[in-house]
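Read top to bottom, the protein sequences are chains A, B and C.
In this text, residue positions in the first sequence follow numbering that gives the first Met the number 0: the first is 0, and each later residue adds one.
In this text, residue positions in the second sequence follow numbering that gives the first Met the number 0: the first is 0, and each later residue adds one.
In this text, residue positions in the third sequence follow numbering that gives the first Met the number 0: the first is 0, and each later residue adds one.
Derived by calculation from the structure, the hints in this document are not laboratory data.
For glycine and all other residues, C-beta sits at the position ideal for the given N, C-alpha and C.
Per label pair, the in silico range of CB-to-CB distance:
no., chain 1, residue 1, chain 2, residue 2, range
1, A, Leu3, C, Arg89, 49 to 59 angstroms
2, A, Ala164, C, Tyr88, 37 to 47 angstroms
3, C, Val17, B, Ala606, 30 to 40 angstroms
4, B, Met595, A, Leu3, 42 to 52 angstroms
5, C, Thr20, A, Ala164, 39 to 49 angstroms
6, C, Leu13, B, Phe616, 18 to 28 angstroms
Listed next, the in silico EDC-like pairs over lysine to aspartate or glutamate satisfying Cα-Cα at most 20 angstroms (straight line):
no., chain 1, residue 1, chain 2, residue 2
7, B, Lys578, A, Asp228
8, A, Lys291, B, Glu574
9, A, Lys157, B, Asp586
10, A, Lys463, B, Asp63
11, B, Lys2, B, Asp82
12, B, Lys453, B, Asp110
13, B, Lys72, A, Asp478
14, B, Lys72, B, Glu202
15, B, Lys72, A, Asp467
16, B, Lys578, A, Asp352
17, B, Lys489, B, Glu202
18, B, Lys435, B, Asp302
19, A, Lys188, A, Asp198
20, B, Lys578, A, Asp292
21, B, Lys159, A, Glu429
Chain A stretches covered by chain B per the calculated footprint, using a threshold of three residues with CB under 8 angstroms from any CB of chain B:
no., segment
22, 281–292
23, 317–324
24, 353–364
25, 378–385
26, 391–400
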Amino acid sequence: MITLLLIFFPLVAALMLLLVKGEQVKKIALGAAIVEFAISMFAVFQFQKNADTQFELNYAWIKSMGINFHVGMDGISLLLVILTTFLVPIIILTSFNKQYKNPSAFYSLILAMQFALIGVFVSLDGFLFYIFWELALIPIYFICLLWGGDDRARITFKFFVYTLAGSLLMLAGLIYLYQFTPNHTFDIKALYAAGQSLDVVHQGYVFWAMFMAFAIKMPVFPFHTWQPDTYTTAPTQGTMLLSGIMLKMGTYGVIRWLLPIAPLGVEHYAHLAITLAVIGILYASTIAIVQKDFKRLIAYSSIAHVGLIAAGILAGNVQGVQGSMIQMLSHGVNVVGLFFIVDLIQTRTNTRDLHSLGGIRNVNPQFAVLFLIVLLGSVALPLTNGFIGEFLLLNGVYQYSAWMAAFAGISVILGAVYMLRSYQSIMLGETNALTSSFAPLTGNEKAVLVIICAAIIAFGVFPKPLLDIVEPSVIKLVDGFNLAIGK
Amino acid sequence: MIKLVWLVPLLPLIGFMIIGFFGKKLSKGLVGTIASGAVLGAFAVSLGIFFELGGQTEKSVTIDLFSWITAGKLSIPFSFLVDPLSSLFLLIITGIGFLIHLYSIGYMHDDEGFSRFFAYLNLFVFFMLLLVLGSNYLIMFVGWEGVGLCSYLLIGFWFKNTAYNNAAKKAFIMNRIGDLGFLLGIILIFVTFGSISYNEVFEQAKHFIGDNSVITAIALLLFIGAMGKSAQLPLYTWLPDAMAGPTPVSALIHAATMVTAGIYMVSRSNILYTLSPFAMEVVAVVGVCTALFAATIGLAQNDIKKVLAYSTVSQLGYMFLALGVGAYTGAVFHVMTHAFFKALLFLGAGSVIHAMSGEQDIRKMGGLKKYIPITHLTFLLGTLAIVGFPGFSGFFSKDEILAHAWEHNKLLWFLGVLGAAMTTFYMFRLYFLTFKGSFRGTHDQEHHLHESPKSMTIPLIVLAVLSVVGGLIGIPEVLGGHHYLEAYLKPVFEDSSLRLVHHLSHETEYILMGVAISVMALAMYFAYNKYVKNKTLPANEGETLNPIHNLVYKKYLIDELYENVIMKPINFIGEALHKVVDNQIVDGIVNGFGSMVTGVSGVIRKAQSGNIGFYVFVMVISIVLILFTQLF
Amino acid sequence: MSAIQIIPINWYILLSAVLFTIGVLGVLFRRNAIIIFMSVELMLNAVNLLLVAFSTYLSDSAGQVFVFFIMAVAAAEVAVGLAILMSVYRNTKSTDIYMLNKLKG
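Using the sequences and the accompanying hints, generate a full structural model.
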């Protein structure tokens, strides 16, 4: 029941929101998101720390094609549900000082997005997964298209077509697998069995069909070119949804669907895919160093971080996969914090250009401290959340290949270079005309940053509760994977 | 007392939190008291632990706090290890840390960032204590990166100054390069031994059978980390720049404690190095090269803090030389004595700068002896200690290192003595130019010259005493003393010392000692001759120097080299990747697919002529064709 | 044997083929929309003729029923079609189909 509630509560809230007019729509949206968070917390407390799928529901939906409304959560799903329900209220709160035109539609779309995202993370039926996967694209498309910045129509269209193309490949892969299920069903177990019954060549086809979809969503080099433009152009809340939660659909997809369905394919092509991911890490980090637009810089840094997550998952060991789970959460929190900081700076100074900023610390030391903490989380300093994931991921990749880990690790250095560089040119030095009137943070802005900073430190020092949620599921998954590839 | 070890890092952390959150509302006196009090409390506990550990037979106690990270068979507890090595470092860190806190109260009194400074300082002490207390490599890494962060914050303490900010950034990034090596080393340890806790790793390493190259790889990766943190070639350039921070920071972080973290790490992992002769050789060679290289640069610098900075790099080189030749105790001994005299020298320099109203150029000083007598005397004692004047602390530790170097390889010894000679020369050059002769600064500066307040001179006096007598805990056997330190640290280095046999005849040791002392005396005489008798002054800016002198004065242009060989190419590649590869090629291909569809549709759309007659005609023809294909 | 059956079936087939071809050619070569429309009707009726003929020959009334359906639908179609033509004419003042090429790709 709780799964149903988690999925449909945001949808109902989204529809109700359309009826509301005026200022209070923000507050209602925030209230709904907080209620959703409370529901997810309830689920966390009900959750038994083992590898089983819990809160499972299975209703027949389209019987003739073997499609069921089959949902449930294991640790992996639950962690991403927590991520979603934790970030959505924060994202809504970040918009409190903004005046978007047609606010009821805006907030309704955010909640609709949440509905689809939760659906993606709890679906246990291939077709249902695909439906939610595509559903998630619609609200974000409109958010970017209607409230985005310059040149949004072209950029949003490219984003839409690009991800849609990937999704279609995934659909093709799912239908292909469907042919091999004994009773013609899209149920996850049957698809697993069908995938594993194929030989390495055919698993390779399935691998690429599905990996393309996930790689575009994440995005992994060289399928990333939609991302910097889209992140830069989308309204801040859209960027946060995209980078904080939506890209985790891709990494989640690899864990939930790709590893168990095509283990031989993964094993066969992992080297290539990890190489791509590692190239992407270095590539994006190097590009980030020369960015002058802070928002774009973070967009590129996000490619680097996600590249490491992808590499860790594909390495196919416990440390890698578990690291990726923790890093998904950390990256979500940190990147939302960073994009919020961009937004704060932009609304106050009307620029994101690193060279024209400077000296904000003199005017607003409090903001400087909060920014620094988010930055440290993002460069993975120990005792921040970023470190736990990064350490486990590098560990996982190392077990796959020491050289890959060494190259991927260079991002640790490059990350420090571009983050410290931007911190210096934004916050330090002498104050200039643009920054001298930097307004103090308002109450809810402070609240957002404090929550994010608290999460960064808390989960850097005590990551255990989160690790405990995912560990059994990850071990089960990796054991299954190793069994399938005969290790 | 040992059970209370968690108090040691906790007290500075609490101090940091109180000052960090409420610093603005507290008075300066209270801030100073809280910060120093926290460190003093930690020192008291450390002292208790030190003696309790010395008295009991169980020399290694692990205290588990909580489980930090688990992933499959990787399980990392947050736990502390108390053993002779860590307890000695606890004493050094909290003891000298306290003195420097005390000093800072006077030194930073007029700074508007007073409370921020003490918050950072307390945070630093917290991380430094974590570094030495951790019972596994990852906790050490936490402290390792944490002190790097504090170093970044404190070097860039005056954050309006771009040069300082650049120095801070440089320090952090260079450290990160080393940290990557360290991190990969930790992972390799986990992959090899299935654990990263010291006890398990060393236990397994002792019985390690199989390919030694894994151990070598681990040792070298860890050493990359040490090179970054302890400013060894080629990652040393951040340390001289780090002098941008307030002087107490230079004393605490960039001389006495943080930079010796690399020595701590190697001596903690001594068994791994002992098992890999090649890695030890690398450590020794890097150490001796750094010692010489930095010493030559030190000969030509005119900034009082820069001279001391290069001297620090050089002394760290000696410590690595000691580690490389298997003199682990000697290295730790030198860490300790160096902490005393280098902290003293830096604080003395701070007192000089304080007296000179911020002037750091020794060409503008001179004759300060009579204005600031306490600073002068303590500085002189510090100088004698660092050059290894017989009986002073530096003499014993340096002697121990050189003796082991001789035993290992005569060339290493020769280079070590050469470096020691240079050390003597530049230290006395510094001393003579600063305190002897006549005052060369402006009239204004002369008018302001004054001895520093008590809170600054008391730490100087205490450190001076320690610099003089600190060596007495490690008098070599040959001089009829007892090496207390070696006995105390024995349990830590036991397994290594079983594998490394040291034997040197007493005659040889006497000769070595004699050579070292006479070389030192000679260098001292040269410096005296040049700077006191002949009253030579270093060239002013813009004067032409001979090419070699110029090259040394410009620090061998290493910074420029790094700038041109590393940073510029990275920026260039970044631009190229961004403008050409990303925007043109990768995105070009993606957009190419789009244009391909547009292009094809441009051709096909011609068929859609809008002419109904044509449509009907095509329809009829098609039907006829279909009929034909179906019928025939 | 009814009157229809006296004439051999081939003649019917031939006749309806001729009518149908005339209709096709009319659609292909005339420009006036109304004439094209009538040609379409001619084609429909050619088929109707064939249906009736076969239905009688095979003594299966289904064919004739079908013809009624087609006639009914054709009537409706004429009504709609003529209405469209009327509005086209009002807009373009012409019934020439070559004027109607606005949907050119």
